[in-house]
Amino acid sequence: MKKRLNGLLTLLLVLVVQLGFAQEKTVTGTVLDEDGLPLPGVNVIEQGTSNGVQTNFDGEFTLSIEVGDVMVFSYLGFATKEVAVTSADVYDVVLSVDAAALDEVVVVGYGTATKRSFAGTATTVDAENLEVKAYSNISQALAGEVAGVNVINTSGQPGTTSTIRIRGFGSVNGSRTPLYVVDGVPFSGSINSINPSDIKSTTILKDATATAIYGARGANGVVLITTKTGSSAAEDYIEVDVRTGVNDQIIPRYDVVRSPEEYIGYVWEGIYNRAVIEGSANPVDVANANLFSDNYVPAGYNLWNVANGAELINPETRMVRDGVTRRYNPESFADEAFDSAIRTEANVRFGGGDEQTTYFASVGYLNDDGYAVNTGYDRYTTRLNVKSDVKEWLEIGANIGYTFSESLNNGQTVGSENVFEFADKTAPIFPVFLRDDNFQKIEDPIYGGFLYDYGSSSNFRTRPQSDNLNPIGSALYDFNGTDRHELNGNFSLNLDITDNLTFETRFGAQYYMDRFISASNPFYGTSVGEGGSLFKRDREVLTTNFLQLFRYNNQFGNHTIEALAAHESNDFEFDEDTQFKTKVVLPGLYELNNYIVNAQPPTGFNEGRSIESYFGQINYDYDDKYYLTGSVRRDGSSRFVNEKWGTFGSVGAAWVVTNEDFLYNNDIISFLKLKASYGITGDQAGVGFYSGFNTFDLGNLNGNISVSVLDNGNPDLTWETSRQLQAGVEFSLGRWLDGSVDYYVKDTDNLIFDRRVGPSQGIAIITVNDGELRNSGLEFNLTGHLVDSKDFKLDLNVNGEILNNEILTMPLEPSTGEPRILDRSNAPYAYSEGRSIFDIYTREWAGVDPANGAPLWYQYFDDVNGNGTFDGDDVAIQTMVPYLADNPDANVQKTITDTYVDATEKYIGKSGIPDVRGGVRLNATWKNFNFSTQMLYSFGGYAIDFQYAELMSDRFGAVGNNYHTDIANRWQRPGDITNVPRLADAFDPRAASTSTRFLTKTDYLAINNAIVGYTLSGDKLGDAVNSLNIFVSGDNLFAKTAREGFLPYTSESGNSGRRLYAPLTTFTMGVRVKF
Amino acid sequence: MKNIFKLTGIAATLFLGVGCSEEFLDKQPSEFLTQSQVAEAASNNPEVIAGSVAGIYTLQFESGSGGTGGHDDFGQKAYDIYGDMLSGDVALSVSSFGWYRSNITEFQATQDFTNGDNYQVWRYYYRIIRSANLVIDALGGNDAVPELAENKYLLGQAKAMRAHSYFYLTQYFTKKYDPNAEILPIYVTSDDVNGPKVTAAEIFALIEKDLNDAISLLDGFNRTAKNQVNKAVAQGILAYALAFQGDDWQTVKDLTGDVIANGGFRLMNRDEVTGGFNDASTPGWMWGVDLTTDSGVGLLSWWGQMDYFSYSYAGYGDYKAMDSDLYAQISDDDIRKSQFLNDPSSSNHLQPWFKFYDPAKQPRGTSTTIVNDLIYMRVAEMYLLHAEAAANLGMDGEAIAALQTLLNERVDDASYVTSLGGQALKDEIYLQTRIELWGEGKSYLALKRNMETVVRGPNHLSFVGVPIPYDDERLTFEIPQEEILYNPFVNSQND
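First to last, the protein sequences are chains A and B.
Numbered according to the numbering used here, the first sequence spans residues 1 to 1075.
Numbered according to the numbering used here, the second sequence spans residues 1076 to 1570.
There's no promise every hint is true.
[Claimed, not checked] To list a few chain A residues with every Cβ distance to chain B over 10 angstroms, as calculated:
{"id": "1", "residue": "Gly41"}
{"id": "2", "residue": "Thr227"}
{"id": "3", "residue": "Arg318"}
{"id": "4", "residue": "Ser456"}
{"id": "5", "residue": "Pro601"}
{"id": "6", "residue": "Glu612"}
{"id": "7", "residue": "Asp697"}
{"id": "8", "residue": "Glu1044"}
[Stated by the list, open to error] Facing chain A, a subset of chain B residues (Cβ under 10 angstroms, in silico):
{"id": "9", "residue": "Ala1117"}
{"id": "10", "residue": "Asn1119"}
{"id": "11", "residue": "Ile1131"}
{"id": "12", "residue": "Gly1173"}
{"id": "13", "residue": "Gln1183"}
{"id": "14", "residue": "Gly1332"}
{"id": "15", "residue": "Thr1367"}
{"id": "16", "residue": "Pro1563"}
[To be verified] Under the rule of at most 27 angstroms between Cα atoms (straight-line distance), these lysine-lysine pairs were calculated in the DSS-like manner:
{"id": "17", "chain 1": "A", "residue 1": "Lys583", "chain 2": "B", "residue 2": "Lys1436"}
{"id": "18", "chain 1": "A", "residue 1": "Lys115", "chain 2": "A", "residue 2": "Lys228"}
{"id": "19", "chain 1": "A", "residue 1": "Lys894", "chain 2": "A", "residue 2": "Lys927"}
{"id": "20", "chain 1": "A", "residue 1": "Lys644", "chain 2": "B", "residue 2": "Lys1102"}
{"id": "21", "chain 1": "A", "residue 1": "Lys644", "chain 2": "A", "residue 2": "Lys25"}
{"id": "22", "chain 1": "A", "residue 1": "Lys228", "chain 2": "A", "residue 2": "Lys910"}
The set of hints was computed from the structure by calculation and includes no laboratory data.
The C-beta atom is built at its ideal place from N, Cα and C for all residues, glycine as well.
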């Protein structure tokens, strides 16, 4: 270390001195390949400049250059070589064939393999592609990088971890979550605790031969993360990167009505239409009289200079009369809630070592503020990774990371008081700030500024929407956040017993302590009555993992064998304590002693689970052409009572065809590998820790013990198992195209299935292992090297998946011994044999009755009398699948009904699963500039846009929510042809309930990331600085979806949900310097 | 070579030494307990056995016990509100959050078997039944008569709770009493699995047997808290069940008479009926639960829906008021007229500001924790049922006497009652039942018993003035979709 410090101190001096001693000369040389043949057309360039030449036909070159500069020799298909200019004048250089890509070492389960040899499908994502994205963790950055990996960015709250799905939907009710493994240790902490800039490589394991070694836990794929290490090969280095940027919302929200005048017209029209329908003699009078009343718009919210509805609305146009002026302009909740915010990140990394010991150390800081008021994420990370050959036969390693984070999550209450709900759904007639009876804003004596409008508790008027709530006020004056300390690390010890046999042991632990605080202020909002409140929840998790492994390697002629045998145990312990107190003394001090009333009893508990495993693996390689691998693993899980143990395993084979004589050194097919694998993996995470037991809740009833029935357990629950068959090909065509295609069929049986019970039994669900689900798919990953010249390179990568999902067998109904016909527990989908788990099952919309504007749906019936109309003994069908199961010969016809509940629920032939989805990446370099962009796409899926439905809902009192601007297309007068029913103050029940009316394509095309960078390297920067890279980038720049505000990539099903914190758009500028 | 042996030794020790014991894969919870943990606790602590009956009483006010996350899902009192709203006596006069609005007051739930409110009612009462069955099984089964007095009392309580739940199921899922109609699946042990609907006669036979068993088992039971069912409460439940069937008014009259005479309760006086209805120790309360901070009750509760002076929907824009037509029928000298805010200019008009309230009387409450008590039954109901039974038996004099005893505590001059007879007397008893028990979940039972018709007053938000008879399909819940789909033996709704 001392040496490096001196180097830093002399940095400026050297730069000055160097200018004076620069000395130019002419060098010559010849470039040859490994067989000694001259290579013509090789680029010879002075590093970091445009000074360069190409070799002639004989491989010779001549270049003017200064002593100390570096010559870079590059030629397509050969490894680039750098040669420093010394006092010598002649340089003969040998370039070797670039096999780096194929011989790149891939970290796979409990060992490594080369890309060439691996029989399974393991995709390593370039760290560069992930690092450039402005995300706090690796999960979000994985979007679009790997075929068959679906990344669902569920929230824009900074610090959110994304949901990841690998190869479809592995289970119905069980877990679909992949296993994370960090530095060889199964990871159960927060992926946020791993700073992405500390990650060396991220590998996704998809097929069974790759995942089966994780046995029990590999069924839904594995994400392997390896953190950076030092190296004895290169010089010690310091790397600094700093970036700063802006977070904002650029992707539009739902297009809702913003004009109070337009909105109040709709309210009036709703009351009017209802009066017409109900046969009122004078519907105009009814509407005029009711418009400003407590169940519609309370008089205090009349923001116009008129006395009543009659003065406001022209009954002919049903719009606000010309010339009506406002008393005040109501503020918009969206404007008050959202604003751009700053993101700053800085990381410093140190690495290096000598032949015995290597080290890597880093510190990082992230300050990431969200665009929603008072949301953000601050994080401090450190990591130290040291390895040392203590003795000839002993290597030890220790790798420890510590993270402290503060997450601020204000305004995201799961309830009515949510900034996103208010922003989209509050009628534009309601102001953010309170108005007095003279319609003036009122100064806030406590916090300064003006008082927020909390509705009735503001003591001026009742607000008929979300009364007593104001999310802006609460987001500003309340607190909702989490502080978290997280440690993860491992200690390893490798003994070389003989040259061929090693023993490895690794103890890994992850610990976190997480303190959640939710405090409400005593002055405004929900906690006024109790004088402020404080909820505190402490959580503590310790996961330990202990591995012992024997590894044997040997080579006999062309035969190479690697074998391992191991034991591993994993233990997870979770502790939680909560406190709730009220009546604060000093507001803003969120400590329990500062609150004086114990409003709820404290709670606390501990829970845990454990897994124990024995496993082994054999890899065999003949002459770098044929590779075989096999593994077996036996796991026991504490989650199961009677059947704890399961056995899993896999076999795989690969054939590198281009290493056969008939294809060797072929110009067209430069690489070809065929591979196939089959394996059995398991899952246990889909059941609770104690799902095997009948459980009882404990309580206090008047000071006595109360033991009430909680859940019914199933002691026979055991492993869900997947059998996956895969075949694949990897190839390179010339130097222009690299690709891989995999096809797999993955059948999961013993499905962890929540078998519904008729609730009269007193229970609703028995979790069983039953039923069978198939996921099959085709995955492709193609990279074209479109341009590859001296100054300009352009690569295009396209990846994607085509996925099919089908329930092969439904769970048995024990009383009949037959498979269950239909399970409706996951509306708007249904489960039944032959269908995917995302096949939409709902009522069919039939449009709007032009005569009266009523909503219409299709009702199917069994046309018993065969006359084509619904009459006589015809039977109405409430739900299609069970009816057809009971009456296979039914003569099904359809008619139209204006009563939602009479409409038939049925499969509508649409699925939530897209036909194809994936990512496209374009990488370009031009001289020292680099450019890259990544797009995501998905085509062919459908979802229900529930949020649009709410915005098209004709709610009671008409002022319950805002409208989407599409409400302008509503039916207004007899004869109107439209798809939007009349406004009638909710006279038509359930017009906006789930039906095909709100079926929406989930197709999207999104620009996920774009970056432009410029790199300076070489001695232009001086001795001490190795390279300098500056860049600007943007994340989440554009999304084209079926409707503004509808973002199907934010949920697994694609359906829209309430309270979405839409993903942030981030613009970043950064600089990275390597010393 | 030595080194090799040494290293192998170290490696082998580590490898085998940590080969775990079977205990490694055994984990026990502490957030809740497993059945064997409960048994272990019970072996050393008899309180735990009593705790399993207390557990049933806890479920009675537990949010989510109807299997949903709804803010209208909080046990018995949740369904009391459903009943009060269906009967029209409780009007939803202002609605801003939407609870009850479409599903209950607009009858969408009762006309759509896929609506979750149907599930909620069904799930809750059958959950209680299974909990009771577990206790009954543990105490020796349906025909057991435990030797230990404590166990006798526990068995009696469990049977009464089972009967109570079956009784409420008959109310909410059938239009009227038809002994031959197959109405509900029946479960008498915790091992029973899904089965077909059985006749109302069979259900009522079980209800009556359970309650008669309970009445004898609970003889001598000196309960420690009012949440426990004692003999009088069991008699009260039986009286309701018999009155609904309408063919044994004599027993109804006897049971209620016995409770009045020997139950040890007295009618709530004028001060008490305007005192907030928040204290289970009130002498007029027969059955109720004393909630404390430790009960863990908050917004999702009866108080959280009904009381303007609690942290509640009733405080924040979902106003539950007395039906204005019913209010108009309360005579001016009636103390109960003062239970409601009378200010037609206010949107809070006719909210029960002076009947049900948190003692602090601060609008929207002083705490998000609810400690005000819940009422399930009071002795006034026995007087009214007694009068109703007597009137149905033609014993108008006894009916008048019972009614007058109550009204003397409510009005300045109750002498007008003596002039009533026949149908007019029955009508008056019905009216007084609705007024006296407003908001207590009993109007719906009275509506069905008396085969009356709902006509909503003008302060309702919909169906104002539309006559809806007691057996209209809009007034009973549908057997939920989940039962039809997942119980292969139940394929049809009740008539």
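A quick look at each hint next to the structure:
no.	hint	in the structure
1	Gly41	holds (55 angstroms)
2	Thr227	holds (25 angstroms)
3	Arg318	holds (23 angstroms)
4	Ser456	violated (6 angstroms)
5	Pro601	violated (5 angstroms)
6	Glu612	violated (5 angstroms)
7	Asp697	violated (5 angstroms)
8	Glu1044	holds (26 angstroms)
9	Ala1117	holds (9 angstroms)
10	Asn1119	violated (12 angstroms)
11	Ile1131	holds (7 angstroms)
12	Gly1173	holds (7 angstroms)
13	Gln1183	holds (6 angstroms)
14	Gly1332	violated (30 angstroms)
15	Thr1367	holds (7 angstroms)
16	Pro1563	holds (5 angstroms)
17	A:Lys583 to B:Lys1436	holds (18 angstroms)
18	A:Lys115 to A:Lys228	holds (20 angstroms)
19	A:Lys894 to A:Lys927	violated (67 angstroms)
20	A:Lys644 to B:Lys1102	holds (12 angstroms)
21	A:Lys644 to A:Lys25	violated (75 angstroms)
22	A:Lys228 to A:Lys910	violated (46 angstroms)
When the structure is compared with the earlier hints, violations turn up for hints 4, 5, 6, 7, 10, 14, 19, 21, 22 and for no others.
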